[in-house]
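Undergrad: Work out the full structure: start from the sequences and follow the hints.
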Amino acid sequence: MKIGKLQIIITALAIVAGILAVLVFSGVLPGYGGSGSKNRVSLTMWGTISESAFKNTLIDLKKSNIYITYQEKNPSTFEREFIDALARQKGPDLIIFPSEMILPEKNKLQIIPFETIGERLFRDTFADGTELLLTETGAAGIPILIDPIVLYWNKDIFRNESIADSPKTWNEFLTTSQVLTKFDGSGNIARAGSALGIEVNVNHFKEIVSLLVLQTGSPIIDSKTLKVKFDGMNEALRFFTEFSDPQKFSYSWAKSMPESKDAFIKESLAIYFGFGSEYHSLKEKNPHLNFDISEVPQVLNGKLSLTYGKFYSIGITSQAKNFAGALSATQAMASKEQVQKISEGAFMAPARRDLLKEGTTNAPLQTIFKQAIKFRSWLDINYEKTSEIFAGMIKSVYTRTKTEEQASKDAKDQLDALYNQ
Numbered sequence: 012m013k014i015g016k017l018q019i020i021i022t023a024l025a026i027v028a029g030i031l032a033v034l035v036f037s038g039v040l041p042g043y044g045g046s047g048s049k050n051r052v053s054l055t056m057w058g059t060i061s062e063s064a065f066k067n068t069l070i071d072l073k074k075s076n077i078y079i080t081y082q083e084k085n086p087s088t089f090e091r092e093f094i095d096a097l098a099r100q101k102g103p104d105l106i107i108f109p110s111e112m113i114l115p116e117k118n119k120l121q122i123i124p125f126e127t128i129g130e131r132l133f134r135d136t137f138a139d140g141t142e143l144l145l146t147e148t149g150a151a152g153i154p155i156l157i158d159p160i161v162l163y164w165n166k167d168i169f170r171n172e173s174i175a176d177s178p179k180t181w182n183e184f185l186t187t188s189q190v191l192t193k194f195d196g197s198g199n200i201a202r203a204g205s206a207l208g209i210e211v212n213v214n215h216f217k218e219i220v221s222l223l224v225l226q227t228g229s230p231i232i233d234s235k236t237l238k239v240k241f242d243g244m245n246e247a248l249r250f251f252t253e254f255s256d257p258q259k260f261s262y263s264w265a266k267s268m269p270e271s272k273d274a275f276i277k278e279s280l281a282i283y284f285g286f287g288s289e290y291h292s293l294k295e296k297n298p299h300l301n302f303d304i305s306e307v308p309q310v311l312n313g314k315l316s317l318t319y320g321k322f323y324s325i326g327i328t329s330q331a332k333n334f335a336g337a338l339s340a341t342q343a344m345a346s347k348e349q350v351q352k353i354s355e356g357a358f359m360a361p362a363r364r365d366l367l368k369e370g371t372t373n374a375p376l377q378t379i380f381k382q383a384i385k386f387r388s389w390l391d392i393n394y395e396k397t398s399e400i401f402a403g404m405i406k407s408v409y410t411r412t413k414t415e416e417q418a419s420k421d422a423k424d425q426l427d428a429l430y431n432q
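Using our numbering, the letters of the sequence shown correspond one by one to residues 12 to 432.
It is possible that some hints are incorrect.
Taking lysine-lysine pairs in the DSS-like style, the calculated list, with each CA pair at most 25 Å apart, reads [what the hints assert, rightly or not]:
no. : residue 1 : residue 2
1   : Lys259    : Lys193
2   : Lys101    : Lys84
3   : Lys314    : Lys385
4   : Lys235    : Lys73
Quick list of simulated restraints, FRET-style, between CB atoms [said to hold, decoys possible]:
no. : residue 1 : residue 2 : range
5   : Lys73     : Thr412    : 58 to 68 Å
6   : Leu429    : Gln377    : 50 to 60 Å
7   : Ala201    : Lys74     : 31 to 41 Å
8   : Lys368    : Gly228    : 19 to 29 Å
9   : Glu142    : Phe334    : 17 to 27 Å
10  : Arg51     : Lys179    : 48 to 58 Å
11  : Thr186    : Asp273    : 18 to 28 Å
12  : Leu145    : Gln432    : 40 to 50 Å
13  : Glu369    : Ser234    : 37 to 47 Å
14  : Thr410    : Ile70     : 50 to 60 Å
15  : Asn118    : Gly228    : 26 to 36 Å
16  : Lys179    : Glu142    : 21 to 31 Å
Treat the hints as calculated values from the structure; they're not laboratory data. Quick reminder that beta carbons are idealized off the backbone N, C-alpha and C, glycines included.
TA: As structure tokens, then:
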């Protein structure tokens, strides 16, 4: 059979595009202008990452004739604003979206086909955990940043109790929290060693419970079948809620306390679990706070060493009319050179393996990089609703209306119903 000239040209172009993709994502090329190298490409991009983090990258893209107007959005309203904008045909061309938006908003994004970035190249280029973006035909986006949960600890409080370092295992964490927790004459908590046990005033309670479960090897949600996997939840619930039980030696937190982040800033809390990106906000809100950042505790002699984390990706929206231009911009921003700049600006870890391997000289970021390599997450179908389910599960245990087993079973049933709608 004779092959037509047009088919030969198309095949050749596909091969060239594939080679360029490999070179860009592997870091050999810093990014390329694509169609933007000749004709100006104008795009809009939304996200919740600070605009200053993208400043230098957007300047660099203009050299390839790619002009991006970035709008920084409020994280609490971003998803709803994005959905509403698409409904009014006023949506952006690109979005920088967190991992909890992958499952609910995947149908509003244009899949980047495996012909552009193959599955093997994706997995070789980006950190473990980001494969949640992969579909049967391609990727829902290209990951650029990872924001893991880390442990913040007040060095002055630790020093005053002759404790030299942060706890490395949950056994150490338990005993350290007991030593650091102080009570007043009425038996009320005067200073908390740690903030666990309750949902109403513990920042990131769902993420903390998630990391406890994930450390047992349970994925919470199977990424392929979307089945709920709660193995390890009973023990995680039991451990988490012990810290709010006045009858236990581990008692360190109560509903009367302020939000955990505020308590840490005001130095009435010794240990705080937060995202790595919160480092600068802690510094800004209390410049005199003497604290450090460490990896989260692990299960003693456990098979897995990991933490929970979220990651941010670049997605091409369904309303982007210039897919080729949007893809060129995405590839350029996901290049090694640009991800490094964005990572430094956002104070988050890069999602690229090569940059994680190279590391950083910034001491706090070194810990964030290490935790990023170990991060895991799960496909959240509706962040608000799943948070409500986790909150109800926790509350039912510390109020003693349910056992850990019953609370876990009921929450699993609710999640099953949510994922099967």
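Undergrad: Among the hints numbered above, which are violated by the structure, and what are their numbers in rising order?
TA: Hints 4, 6, 7, 12 and 13 not satisfied by this model.
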